[in-house]
Amino acid sequence: MRMNLVLELLDVPGQLVDALEPIGRLGANIVAVIHQRDVKTEQGTVPVQITIEGDKDTLNHVLSALEDENICIIAVDGVLRKERIMSILIGNIVDQDVKSTVDMLNALDGVNVADFNLKMSDYPKNSAARILIEAESGKRKEVLKKIKEVGKSKEFLVINEV
Amino acid sequence: MKIFIMGFGAVGKGVVKVFSIKGNNLKQKYGLDFEIVAVTDTSGTALCDKGLDPDLLLNTKEKTGRVCDYPEYGIPGLSSPEALSKVEYDCLVEVTPTNIEDGEPAKTHMLKAMSDKKDVVTSNKGPLALCFKELVGTAKNNNVQFKFEASVGGAMPIINFAHENLSGCDIESIFGILNGTTNYILSRMAKEGSSYEQTLKEAQEMGIAETDPTQDVEGTDAACKIVILANSIMNMDVSLGDVEINGISKITPESIFLAKKEGYLIKLIAEASLDTLEVSPRLVKEGSPLSVEGTMNVATLKTDLAEDITVVGKGAGSVETASAILSDLISIWKSKK
Ligand SMILES: NC(=O)c1ccc[n+]([C@@H]2O[C@H](COP(=O)([O-])OP(=O)(O)OC[C@H]3O[C@@H](n4cnc5c(N)ncnc54)[C@H](OP(=O)(O)O)[C@@H]3O)[C@@H](O)[C@H]2O)c1
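Line by line, the protein sequences are chains A and B. Quick note on numbering: our numbering labels position 36 of the first sequence as 36, and the sequence is numbered without any gaps. Quick note on numbering: our numbering labels position 219 of the second sequence as 219, and the sequence is numbered without any gaps.
For the record, the hints were derived by calculation from the structure and aren't laboratory data. Among the hints, a few may not be true.
[As the list claims (entries may be wrong)] Derived DSSO-like pairs (lysine-lysine); straight-line CA-CA distance at most 30 Å:
no.: 1; chain 1: A; residue 1: K152; chain 2: B; residue 2: K302
no.: 2; chain 1: B; residue 1: K29; chain 2: B; residue 2: K260
no.: 3; chain 1: A; residue 1: K148; chain 2: B; residue 2: K336
no.: 4; chain 1: B; residue 1: K285; chain 2: A; residue 2: K145
no.: 5; chain 1: B; residue 1: K285; chain 2: A; residue 2: K152
no.: 6; chain 1: A; residue 1: K148; chain 2: B; residue 2: K29
no.: 7; chain 1: A; residue 1: K119; chain 2: B; residue 2: K302
no.: 8; chain 1: B; residue 1: K302; chain 2: A; residue 2: K141
[What the hints assert, rightly or not] Ranges between beta-carbon positions, derived for each pair:
no.: 9; chain 1: A; residue 1: E136; chain 2: B; residue 2: K140; range: 43 to 51 Å
no.: 10; chain 1: A; residue 1: E142; chain 2: B; residue 2: E164; range: 32 to 40 Å
no.: 11; chain 1: B; residue 1: D242; chain 2: A; residue 2: V33; range: 46 to 54 Å
no.: 12; chain 1: A; residue 1: D115; chain 2: B; residue 2: D275; range: 26 to 34 Å
no.: 13; chain 1: A; residue 1: K141; chain 2: B; residue 2: E82; range: 49 to 57 Å
no.: 14; chain 1: B; residue 1: N143; chain 2: A; residue 2: V79; range: 20 to 28 Å
no.: 15; chain 1: B; residue 1: K337; chain 2: A; residue 2: K152; range: 40 to 48 Å
no.: 16; chain 1: A; residue 1: I30; chain 2: B; residue 2: D237; range: 29 to 37 Å
no.: 17; chain 1: A; residue 1: Q36; chain 2: B; residue 2: E164; range: 44 to 52 Å
no.: 18; chain 1: B; residue 1: K117; chain 2: A; residue 2: L108; range: 38 to 46 Å
no.: 19; chain 1: A; residue 1: E21; chain 2: B; residue 2: S273; range: 44 to 52 Å
no.: 20; chain 1: A; residue 1: L108; chain 2: B; residue 2: S288; range: 21 to 29 Å
no.: 21; chain 1: A; residue 1: D77; chain 2: B; residue 2: E307; range: 19 to 27 Å
Backbone N, C-alpha and C fix where the C-beta goes; we use that ideal spot for every residue, glycine too.
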């Protein structure tokens with residue numbers, strides 16, 4: 001059988017080779033690789049579509065191996081694996097302990113903060129942070145609620161996606 | 001159709017202007033003849049059973065600022081709601097200022113007209129956001145029509161649109177930009193990287209923001225409107241106090257910069273959905289239907305059968321808002337033919 005994967009890789013040398021390595025090692029065939037270097041996110045990642053072939057067990061082993069190596073699998077056969085949730089916070093971000101803000105979100109099951117961007121303002125009380133969260137699909141509501149909760153407890157203005 | 005206009009400010013004058021411009025056209029097109037039998041402002045009332053002249057009304061108000069100076073038929077000091085009992089009319093057009101404390105004096109005007117068996121058309125959000133059920137209930141009990149298209153989104157069709165064009169659909173949620181002033185400020189901040197305070201000041205100088213901008217920038221105005229939509233097109237039973245409100249006064253250039261870097265804009269969004277009733281700054285993808293600029297209003301209705309439907313239009317303005325009042329009046333008249 002065949003499986004279509006969309007991976008998200010950093011656009012630096014060696015990343016693609018590293019991602020392809022477990023596929024060959026575990027005995028799956030690579031049918032196609034589409035590397036779209038022109039659609040780069042601000043985190044410097046690019047989506048890569050890979051079609052692989054093998055029996056069911058082999059393909060599942062490949063998926064676990066990729067996950068073990070922390071390679072971000074966005075979609076399997078067109079079904080999104082990960083949702084990306086963007087949010088912006090305004091407030092006294094630094095004094096309110098950046099690490100604890102991130103930890104509170106990471107504490108949710110299947111959720112991790114993938115990117116955190118801080119922009120200071122002339123008034124430290126009004127600095128802004130953009131967080132990018134990756135969550136297992138279906139967790140969106142829970143994550144948005146949690147961000148609001150964190151915001152309330154730290155007196156941040158929370159700007160969630162619509 | 002005999003019309004009583006309560007309030008002669010931007011919207012009241014717009015209505016009279018529209019009658020003046022469209023009068024002949026409406027007569028030819030529908031056989032519909034509007035007669036303005038009374039206009040009230042804080043100075044008193046101009047009132048005549050046989051109809052007042054639209055242009056003379058506008059000239060009088062322009063010249064002296066008092067509608068009671070209307071030649072021959074002006075009555076200084078005849079104030080609301082007494083004036084409502086002094087003349088025969090079919091429909092009250094209630095366009096006095098919005099009051100979000102108790103909805104007065106508009107609420108009293110509307111309830112009186114309804115119990116006198118008159119239809120009511122309004123652009124006034126206050127009473128609708130505070131006591132929607134009471135007003136709609138009173139209209140029903142008295143078997144009169146009550147329409148308020150102009151109260152949300154000015155000229156942008158949404159309430160009648162949902163009731164008529166989408167009558168077979170369930171509306172599952174509404175997301176919208178329902179306040180033009182804040183959308184203007186946020187659009188300018190995004191374009192110019194300017195601060196909130198500076199941009200607000202410029203908007204005030206241009207007459208886009210009011211001297212006291214609190215209701216706009218703190219989200220109360222948008223909250224009133226989402227309450228009206230939630231009640232009227234999603235059959236909810238909510239009022240202003242049920243809305244979680246965050247305005248735009250804390251939005252910084254830094255936050256807009258971070259959003260833009262990822263292709264997002266910050267917009268003041270009003271949401272009504274199954275478990276949410278809120279007004280708050282939200283991230284909207286650039287180029288998506290909600291990413292409208294300037295003073296424009298927009299709303300996306302999520303429906304069960306037709307998926308997403310988005311409407312865009314001018315959220316304020318004298319003649320623009322009057323256009324929504326006019327369509328309510330025409331629809332009342334058509335329903336009685
Ligand atoms: N402007 C818009 O674009 C717009 C859009 C949508 C909805 N609305 C709503 O429409 C309504 C009217 O807005 P507007 O912009 O026309 O307001 P406005 O310019 O302030 O005019 C209000 C008018 O009401 C009169 N008035 C005040 N108290 C009164 C009373 N007790 N009895 C009779 N008349 C009274 C005022 O008299 P004086 O002239 O003597 O002061 C004035 O003529 C408001 O509820 C507003 O929220 C406005």
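Comparing the hints with the structure gives:
1. K152(A) with K302(B): Cα-Cα ~29 Å, so holds.
2. K29(B) with K260(B): Status violated; Cα separation ~49 Å.
3. K148(A) with K336(B): violated, 50 Å
4. K285(B) with K145(A): holds, 20 Å
5. K285(B) with K152(A): holds, 25 Å
6. K148(A) with K29(B): violated, 54 Å
7. K119(A) with K302(B): violated, 35 Å
8. K302(B) with K141(A): Holds, because 17 Å separates the two Cα atoms, which is no more than 30 Å.
9. E136(A) with K140(B): 43 to 51 Å: 48 Å Cβ-Cβ, so the 43 to 51 Å window holds.
10. E142(A) with E164(B): 32 to 40 Å: holds, 38 Å
11. D242(B) with V33(A): 46 to 54 Å: Holds: the Cβ-Cβ distance is about 53 Å, inside 46 to 54 Å.
12. D115(A) with D275(B): 26 to 34 Å: Check passed, 29 Å falls within 26 to 34 Å.
13. K141(A) with E82(B): 49 to 57 Å: holds, 54 Å
14. N143(B) with V79(A): 20 to 28 Å: For V79(A) against N143(B), whose Cβ atoms are near 55 Å apart, the range 20 to 28 Å is violated.
15. K337(B) with K152(A): 40 to 48 Å: violated, 55 Å
16. I30(A) with D237(B): 29 to 37 Å: violated, 59 Å
17. Q36(A) with E164(B): 44 to 52 Å: The hint (44 to 52 Å, Cβ to Cβ) holds, given that Q36(A) and E164(B) are roughly 45 Å apart.
18. K117(B) with L108(A): 38 to 46 Å: For K117(B) and L108(A) the Cβ distance comes to about 58 Å; the hint is violated.
19. E21(A) with S273(B): 44 to 52 Å: holds, 45 Å
20. L108(A) with S288(B): 21 to 29 Å: holds, 27 Å
21. D77(A) with E307(B): 19 to 27 Å: Given about 24 Å between the Cβ atoms, the range holds.
Hints 2, 3, 6, 7, 14, 15, 16 and 18 from the earlier list are contradicted by this structure; the remaining hints agree with it.
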